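Participant: Protein sequences appear in the order of chains A and B. For the first sequence, the numbering used here begins at 37 and goes up steadily by one. For the second sequence, the numbering used here begins at 40 and goes up steadily by one.
Worth flagging that the hints you see were computed from the coordinates, not collected in a lab. None of the values given here were measured: they were computed from a predicted structure. Please note that a few of the clues may not be correct.
If we take Cβ atoms under 8 Å as the criterion, some of the chain A residues that face chain B in the derived model are [as the list claims (entries may be wrong)]: (1) N135; (2) L222; (3) Y290; (4) V291; (5) E293; (6) Y298; (7) C299.
With a straight-line Cα cutoff of 30 Å, these simulated DSBU-like cross-link-like pairs (lysine-lysine) come out [stated by the list, open to error]: (8) K66(B) x K286(A); (9) K66(B) x K273(A); (10) K83(B) x K274(A); (11) K273(A) x K323(B); (12) K312(B) x K285(A); (13) K282(A) x K586(B); (14) K83(B) x K133(A); (15) K66(B) x K270(A); (16) K259(A) x K66(B); (17) K64(B) x K278(A); (18) K83(B) x K278(A); (19) K274(A) x K66(B); (20) K312(B) x K323(B); (21) K249(A) x K66(B); (22) K270(A) x K474(B); (23) K373(B) x K86(B); (24) K555(B) x K176(B); (25) K323(B) x K278(A); (26) K586(B) x K249(A); (27) K274(A) x K586(B); (28) K86(B) x K285(A); (29) K286(A) x K273(A).
From the three backbone atoms N, C-alpha and C, an ideal C-beta is built for every residue, glycine too.
In case you want the letters, here they are:
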Amino acid sequence: MKNFAIDEELLQQIEALQTLIKNNVSGLFGGNHQTRTYGSSCEFSDYRDYEAGDDITKIDWNAYARFDKLFLKLYLDERQMHTRIYIDASRSMAHGKGNKHVQALRMAAAFAYLSINEMDKVSIYAIRDNGLEEVVTGLFGKDAYISSIHKLNDIEFDGDCRISEAVLPSTVGYGDGLSIIISDFLTENNFEDAIDHLTSKKRDILCVQVLSKEELNPTAYGKIHFFDVEDTSKFYKKNINKEILKAYKKALDYVQERIRGYCAARGAEYMLVPADESVYKVFFDRLMAMGVLK
Amino acid sequence: MRFLFPLGFLALIGIPVLIAVYIIKNKYTEQIVSSTYIWNLSNKFLKRRVPISKIAGIISLILQILAVIFISFAIAHPVFAVPSAANDYCFVLDGSGSMNISYEGKTRFERGKEEIASRINGTLSGSTFTLIYADGKTCETVFTEIENSRRALELLNALQPGYGEVDGEDAVVAAQEYFNINPGVKTILFTDKYFESSVNAEVINVAANEKNIALLNVDYTYGNKKLTITGSVRSYGASANVHLKVYLNGSEEVADEQTVIAPQTAVVNFSFKDIPAEEFISAKIAVADGDALMLDNEVMLYGLNSANNYDALIVSDKPTFFIEGMLKAKRDIKYETISTKEYNANLNGYDLYIFDSYSPNEMPSDGAVWFFNPDGNIAKSGFGVQGQSNPGMSGWVQWTKDTSSQVKTLLKDVQKNEFVVAKYTKCGGLSRNFKILLTHDNNPLLFTGTNDYGNREVVCAFNIQDADAALKTDFLIIIRNLINNTFPGVMNQTLYTCGDVMEVNVLANCESITVKSPRGNLKSLATDEAEAVCTLDEVGIYTVTFKNKGGEAKNYYVYSALSENESATTVSADAPFNILGEPRVVMRDGIYDDILYIFLILAVLAMADWMVYCYEQYQLR
Numbered sequence: 037m038k039n040f041a042i043d044e045e046l047l048q049q050i051e052a053l054q055t056l057i058k059n060n061v062s063g064l065f066g067g068n069h070q071t072r073t074y075g076s077s078c079e080f081s082d083y084r085d086y087e088a089g090d091d092i093t094k095i096d097w098n099a100y101a102r103f104d105k106l107f108l109k110l111y112l113d114e115r116q117m118h119t120r121i122y123i124d125a126s127r128s129m130a131h132g133k134g135n136k137h138v139q140a141l142r143m144a145a146a147f148a149y150l151s152i153n154e155m156d157k158v159s160i161y162a163i164r165d166n167g168l169e170e171v172v173t174g175l176f177g178k179d180a181y182i183s184s185i186h187k188l189n190d191i192e193f194d195g196d197c198r199i200s201e202a203v204l205p206s207t208v209g210y211g212d213g214l215s216i217i218i219s220d221f222l223t224e225n226n227f228e229d230a231i232d233h234l235t236s237k238k239r240d241i242l243c244v245q246v247l248s249k250e251e252l253n254p255t256a257y258g259k260i261h262f263f264d265v266e267d268t269s270k271f272y273k274k275n276i277n278k279e280i281l282k283a284y285k286k287a288l289d290y291v292q293e294r295i296r297g298y299c300a301a302r303g304a305e306y307m308l309v310p311a312d313e314s315v316y317k318v319f320f321d322r323l324m325a326m327g328v329l330k
Numbered sequence: 040m041r042f043l044f045p046l047g048f049l050a051l052i053g054i055p056v057l058i059a060v061y062i063i064k065n066k067y068t069e070q071i072v073s074s075t076y077i078w079n080l081s082n083k084f085l086k087r088r089v090p091i092s093k094i095a096g097i098i099s100l101i102l103q104i105l106a107v108i109f110i111s112f113a114i115a116h117p118v119f120a121v122p123s124a125a126n127d128y129c130f131v132l133d134g135s136g137s138m139n140i141s142y143e144g145k146t147r148f149e150r151g152k153e154e155i156a157s158r159i160n161g162t163l164s165g166s167t168f169t170l171i172y173a174d175g176k177t178c179e180t181v182f183t184e185i186e187n188s189r190r191a192l193e194l195l196n197a198l199q200p201g202y203g204e205v206d207g208e209d210a211v212v213a214a215q216e217y218f219n220i221n222p223g224v225k226t227i228l229f230t231d232k233y234f235e236s237s238v239n240a241e242v243i244n245v246a247a248n249e250k251n252i253a254l255l256n257v258d259y260t261y262g263n264k265k266l267t268i269t270g271s272v273r274s275y276g277a278s279a280n281v282h283l284k285v286y287l288n289g290s291e292e293v294a295d296e297q298t299v300i301a302p303q304t305a306v307v308n309f310s311f312k313d314i315p316a317e318e319f320i321s322a323k324i325a326v327a328d329g330d331a332l333m334l335d336n337e338v339m340l341y342g343l344n345s346a347n348n349y350d351a352l353i354v355s356d357k358p359t360f361f362i363e364g365m366l367k368a369k370r371d372i373k374y375e376t377i378s379t380k381e382y383n384a385n386l387n388g389y390d391l392y393i394f395d396s397y398s399p400n401e402m403p404s405d406g407a408v409w410f411f412n413p414d415g416n417i418a419k420s421g422f423g424v425q426g427q428s429n430p431g432m433s434g435w436v437q438w439t440k441d442t443s444s445q446v447k448t449l450l451k452d453v454q455k456n457e458f459v460v461a462k463y464t465k466c467g468g469l470s471r472n473f474k475i476l477l478t479h480d481n482n483p484l485l486f487t488g489t490n491d492y493g494n495r496e497v498v499c500a501f502n503i504q505d506a507d508a509a510l511k512t513d514f515l516i517i518i519r520n521l522i523n524n525t526f527p528g529v530m531n532q533t534l535y536t537c538g539d540v541m542e543v544n545v546l547a548n549c550e551s552i553t554v555k556s557p558r559g560n561l562k563s564l565a566t567d568e569a570e571a572v573c574t575l576d577e578v579g580i581y582t583v584t585f586k587n588k589g590g591e592a593k594n595y596y597v598y599s600a601l602s603e604n605e606s607a608t609t610v611s612a613d614a615p616f617n618i619l620g621e622p623r624v625v626m627r628d629g630i631y632d633d634i635l636y637i638f639l640i641l642a643v644l645a646m647a648d649w650m651v652y653c654y655e656q657y658q659l660r
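Using the sequences and the hints, build the whole thing.
Facilitator: Below you can see the structure in the form of structure tokens.
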């Protein structure tokens, strides 16, 4: 079943955006991301005294004429990053009318195109149970993007999602770009270790929590017996009234704050995305406001 | 406890039905959600609930089951028997005039009724009630051994106080009679007199220590355009300065006033002397500062309406000095004298015709008629002439021995001294209505009555010149009395005491007499006697409407004052309220069958259920 389609207009607009990478200490040459190290890009950065053995082609002769001393011109280095996108492929993402999985795929496709546009590599993984399924890996170039992005529709949403168990054994790179985890985070399973692990690998991290409208503002009332779609042994049985709905809101706020606080403590970013919110708004309003994009 | 309609418990079938509906209705809806994580986490954020809230979900069911139970009870109508809780009560209510005294907006009579109603309401079903009511005029048993308290209260509420004077004797007799039949009865007297309670009778005194001043024995004299009013006041409470005011002829201006110091219970006389009054129609004497019993704070006095003028015709061929002098003595009679030849039956329109030594062929059809020494028979005169008698100086007259009230009035102030009639006309064949005042040798000499036209008639069978009567005081007095009898006023008296019998003179041309009481009750008096009577049983102004055959109506006013004894609101009763006999304790089972409380509980349950429903709806909003 086709869960999403490429919105070409959106992709064109995304081309105007640029990712701000904090931990760009590594990566391959030939990329588009400026690093803090000096390299061979066209962008001037600083001067330093000439030392024997330095490339004489980089001596600033104008400065020599003025100061009668040899100065070497330094240029910033530019690297190619590797954006890794992890999609929660549990059953809860695709349950009901919320279309969380559609929003997750749209977000993943948009982030992937943004990286492709910045001449970075992109890998997209689906996390199901404790496994990490590669959807596309090392995607580079728009042609490859166009020919491969449809694979997102092949992701099967089933089972549960144990993020840490899936991410920790995998190759996540080091200091070479952004890791994006897209999930509803409605689980008692551990995801904190995955964030810690990615942090230790000098990866920039963005946690995107996708929630449906019903999950954000439940309208259920009366005597209801809820069963968990991922595990029917988990249930909730109560006469839902105004008090319980208030408590639900508080619990939801608590979960959001817990994730936000955990991420903030580790330099990671957190963002709540309603399933029915437009990707354009997410990218151009919220991510730019957060400083993730510019 | 027993039930009047046990089948009402069939309504309890509703309980299992309710529970079944509740079970069916309250099934949980199963629903699969993407995650129960947040829902389960929300339990930590729920406010701690009180233990009773655990049954919150079934409060509605509990309320409805309770409602069904109480409905069953209400239909089954429980009746509780309370052992030895019922009694027989005999209430004796004083309805005398003093019970009209108002204190703090309620009359003593109303307070007495409230006390009785309270006792009736405070008893259980099974008790019986008897009410004896005494208002001075009557002593009646309003209801006897009635068990229906509602009916008893209805009859009690319909009672009105009277204005009579109650000595309690009749009530004691009635209560004693009932006690003799039922020695277990509880007799309770509600009165404002100081009766002593006895073994068999409880006395509830509804009177309070109120200020009470009464006007007593008010009278008046009017002459020479001056009015003098006398009377007395009495303070039955504490000593008081009594401010009296007089109003004349319906005016609101005070004609005279004075302050009388009235020590406690002492009778103090007062008088208003020579109050200028061009005419005297009415006078009101009032205590300026009214008290609880207003009925004795005001007395109305009315004139006797004696200002009428009368026309008389004297028919005589002789000198009429004596007759003229007689009429002149009464200043409001105008007269003219004609000879016997000038008289004919067409001469009418006079109030009085006097025929001196002349018998007309035809009687005048209007006005009163006097004959002096008639010389022949006259048709429709009511008497016949049988010749002359000449006893000479031996003609000593005899006074009548008739003791009727009418004769007494005619002979008022007469000493009955003898005098001589030397010559007279022998009269006979008198109509029955004639009253003979003087006779000689069994021949009537002076008699009065009414002729066939219904007009008053006086016959003096002798010439004044033929007797030494003119020199006698008695004869002059009797002539005065006869004149007054010839021209009677409608009212002889305008001030009575409540309970008195009012007398109204039935004049010759009277068609009807109606009396309107202070409460507005109309009564038509019989007019076939010379005097109509009416018992005044209310306090206040009575209006007597006198209508003559010409259709003309005229109102006369009479004031009926409260009895002096009833004004004395704090005096002790003369006779003790003592029910004699050996009391017997007769206690019967009382019955409590009031299901009003069940309906009240039902209403509360229904309202509570409704509130629970509303709360749930609000919660689910």
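Participant: Next step is simple, just say for each hint if it's right about the structure.
Facilitator: Quick rundown of the hints versus the structure:
no. : hint              : result
1   : N135              : 11 Å, violated
2   : L222              : 4 Å, holds
3   : Y290              : 7 Å, holds
4   : V291              : 7 Å, holds
5   : E293              : 12 Å, violated
6   : Y298              : 16 Å, violated
7   : C299              : 19 Å, violated
8   : K66(B) x K286(A)  : 28 Å, holds
9   : K66(B) x K273(A)  : 11 Å, holds
10  : K83(B) x K274(A)  : 14 Å, holds
11  : K273(A) x K323(B) : 92 Å, violated
12  : K312(B) x K285(A) : 101 Å, violated
13  : K282(A) x K586(B) : 93 Å, violated
14  : K83(B) x K133(A)  : 28 Å, holds
15  : K66(B) x K270(A)  : 19 Å, holds
16  : K259(A) x K66(B)  : 7 Å, holds
17  : K64(B) x K278(A)  : 20 Å, holds
18  : K83(B) x K278(A)  : 15 Å, holds
19  : K274(A) x K66(B)  : 11 Å, holds
20  : K312(B) x K323(B) : 15 Å, holds
21  : K249(A) x K66(B)  : 27 Å, holds
22  : K270(A) x K474(B) : 128 Å, violated
23  : K373(B) x K86(B)  : 113 Å, violated
24  : K555(B) x K176(B) : 19 Å, holds
25  : K323(B) x K278(A) : 80 Å, violated
26  : K586(B) x K249(A) : 101 Å, violated
27  : K274(A) x K586(B) : 95 Å, violated
28  : K86(B) x K285(A)  : 13 Å, holds
29  : K286(A) x K273(A) : 18 Å, holds
The structure is inconsistent with the numbered hints 1, 5, 6, 7, 11, 12, 13, 22, 23, 25, 26, 27, although it conforms to all the rest.
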